[in-house]
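Visitor: Each chain, written out:
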Amino acid sequence: MTTHPAAVSVRNVTKTYASGFTALQPVDLDIRSGEIFALLGPNGAGKTTLIGIICGIVNATTGVVLADGHDVVTDFRKARSKIGLVPQELTTDAFETVLATVTFSRGLFGKRADPAYVEKVLRDLSLWDRRNSRIMTLSGGMKRRVMIAKALSHEPRILFLDEPTAGVDVELRRDMWQMVRGLRASGVTIFLTTHYIEEAEEMADRIGVINGGRLLLVEDKAALMRKLGTSHLVVTVRQPLAEIPAALAKFDLALAAGGTELVYSYDAHADDNGLAALLHALNGSGLAVANLRTHDSSLEEIFVNLVHKSP
Amino acid sequence: MNLGAVNLLAIRAIYLFEMSRMWRTLLQSIVSPVISTSLYFVVFGAALGSRMKAVDGVSYGAFIVPGLIMLSLLTQSIANASFGIYFPKFTGTIYEILSAPVTAGEIVLGYVGAAASKSLLLGLIILATARMFVHFGIAHPGVMVLFLVLTSATFSLFGFIIGIWADSFEKLNLTPLLIVTPLTFLGGSFYSINMLPPFWRTVTLFNPVVYLVSGFRWSFFGASDVSIRASLGMTLAFMVLCLAVVRWIFATGYRLKP
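The listed protein sequences correspond, in order, to chains A and B.
Numbered by numbering that gives the first Met the number 0, the letters in the first sequence go through residues 0 to 310 in order.
Numbered by numbering that gives the first Met the number 0, the letters in the second sequence go through residues 0 to 257 in order.
Hints should not be assumed to be uniformly reliable.
[Claimed, not checked] Facing chain B, from chain A, some residues (calculated, C-beta under 7 angstroms): (1) Ile56; (2) Gly62; (3) Glu88; (4) Phe103.
[Stated by the list, open to error] Under the rule of at most 20 angstroms between Cα atoms (straight-line distance), these lysine to aspartate or glutamate pairs were calculated in the DMTMM-like manner: (5) Lys256/B / Asp74/A; (6) Lys170/B / Asp55/B; (7) Lys88/B / Glu154/A; (8) Lys77/A / Glu170/A.
Don't read these hints as lab results, they were simulated from the structure.
From a predicted model like this one, the values you see are computed outputs, not experimental measurements.
The beta carbon of each residue, even a glycine, is placed where N, CA and C say it ideally should be.
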């Protein structure tokens with residue numbers, strides 16, 4: 000029994016398009032209430048299809064999706080009223096003003112006009128000064144903010160961000176991360192897909208990896224990095240080496256930085272990871288060691304490993 | 000929020016959003032059709048009409064008024080509704096409509112209601128414009144309004160279907176250009192079908208626009224090519240057919256949801 004009720008529950012969901020292309024193999028997934036969940040996957044992995052099915056844009060071939068306990072097909076009114084969606088593409092009403100389009104979104108979701116709330120959303124996204132500007136006159140980053148404002152206009156409890164920071168500059172990306180953290184702090188559940196693995200590493204509580212329509216894993220971020228991550232010991236020597244010294248040949252070492260670094264990769268959680276033996280051998284090798292440092296593999300390395308290993 | 004009932008706020012939002020487009024494009028939405036229809040009145044009504052015989056006891060200038068209003072009503076209803084739903088499909092903003100807590104009926108009411116309102120407004124403006132060129136009376140004002148509303152709603156529904164079906168601007172313009180305009184011109188807008196030889200009169204009866212023009216003309220002059228009941232029946236039948244198609248579109252997700 001989980002301590003977190005599921006904000007979104009996906010059961011046995013598949014999608015095969017009319018062309019015969021299977022975008023999703025049977026997917027089972029629970030998004031916990033109040034968490035930031037990041038779904039990682041290469042292009043065409045099925046991320047957008049999965050979001051589309053949950054949000055009502057794509058018909059699932061099989062399976063059931065519940066949002067806040069409501070079936071997204073049979074009880075779609077209640078389900079969708081809880082959901083806000085920021086799609087991947089910059090699709091905006093070019094000729095409308097910022098204020099008009101955000102007000103429209105709120106009405107569309109059945110919410111009465113609330114100028115104070117809309118003003119707060121626009122101020123939080125630094126859009127208030129541009130509220131009377133036509134969307135076509137805004138930069139790409141500002142348009143992205145408008146789409147987020149539209150998604151937040153009806154006060155959703157679950158927010159889907161499909162590649163929210165694709166094509167935005169570093170400053171805006173940092174702003175968005177800050178905003179997402181603020182939303183999570185107010186109790187909003189966040190489901191984001193991203194190409195920027197550093198984004199998932201920075202933001203997510205849990206991470207899912209999808210490839211070829213198959214959900215490869217779902218893990219707490221820290222546990223995932225602990226379980227699948229590799230540690231590296233980097234030994235910097237004073238004189239560049241042409242090859243691995245014979246005294247260290249039995250270790251699976253790699254030369255780097257023009258021969259001035261010896262790199263040993265190991266599992267920090269293994270009982271016998273060979274680290275002690277390596278340090279002993281290093282001491283007896285006579286090499287002039289300038290520095291020793293360790294680092295853990297990044298989520299990116301884990302992700303690439305997982306995707307390449309998947310069928 | 001009107002959960003469990005009708006989401007009136009959503010219908011209102013879509014309706015007002017679409018109507019705001021009309022005010023933004025006033026020249027194209029209202030002024031342009033009024034000018035082109037006025038030219039018809041000047042050429043066929045005032046210039047040529049004075050040299051033509053009365054039709055069924057009605058001066059030719061007055062005779063063509065209902066047909067010309069119908070011509071504008073049909074083309075504008077289709078154009079407004081088809082563009083209204085095609086444009087969000089084209090730009091991708093349709094995602095918001097599809098992911099909102101709205102039923103198919105509410106979406107249709109918003110889009111078709113706005114398109115029908117625009118054409119209705121246009122029809123009334125053209126009616127007032129016609130009075131500046133020719134003199135005529137309206138024998139059955141209630142029936143005239145009924146026909147205006149029914150025609151606007153029915154052909155806005157038809158336009159909505161075209162907007163869903165079209166996957167390019169070319170297709171969007173194809174149906175009005177190749178089917179609706181010819182049917183309207185051959186539907187008795189400028190002549191009584193009783194003027195045609197018997198064979199062509201029979202062929203013409205397969206043209207649904209004949210029933211609209213004829214019924215509408217009856218509301219003006221109390222005389223028509225086909226009975227008023229047949230006109231109303233055909234209009235309602237076409238509306239039911241359009242509603243059935245729209246229902247099927249939303250049930251299957253045709254060209255809306257993959």
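Visitor: Please go over all the hints and tell whether each is borne out by the structure.
Guide: Evaluated hints:
Hint status for Ile56/A relative to chain B: holds, with the closest Cβ pair at about 5 angstroms, below 7 angstroms. Annotation: Gly62/A was flagged as interfacial toward chain B, and the flag is violated, the nearest CB pair being 16 angstroms apart, outside 7 angstroms. For Glu88/A, the shortest C-beta to C-beta distance to chain B is roughly 5 angstroms, which falls under 7 angstroms, so the interface hint holds. Residue-level restraint check for Phe103/A holds (minimum Cβ-Cβ distance to chain B is 5 angstroms; threshold 7 angstroms).
Distance check on the hinted pair: Lys256/B and Asp74/A sit about 18 angstroms apart at the alpha-carbon level, within 20 angstroms; holds. For the proposed pair Lys170/B and Asp55/B, the alpha carbon gap of about 40 angstroms is over 20 angstroms, so the pair is violated. For the hint pairing Lys88/B with Glu154/A, the CA-to-CA distance comes to about 25 angstroms; that exceeds 20 angstroms, so the pair is violated. The suggested pairing of Lys77/A with Glu170/A is violated, with an alpha-carbon distance near 36 angstroms, which exceeds 20 angstroms.
Comparing the model with each earlier hint shows violations of hints 2, 6, 7 and 8; every other hint is respected.
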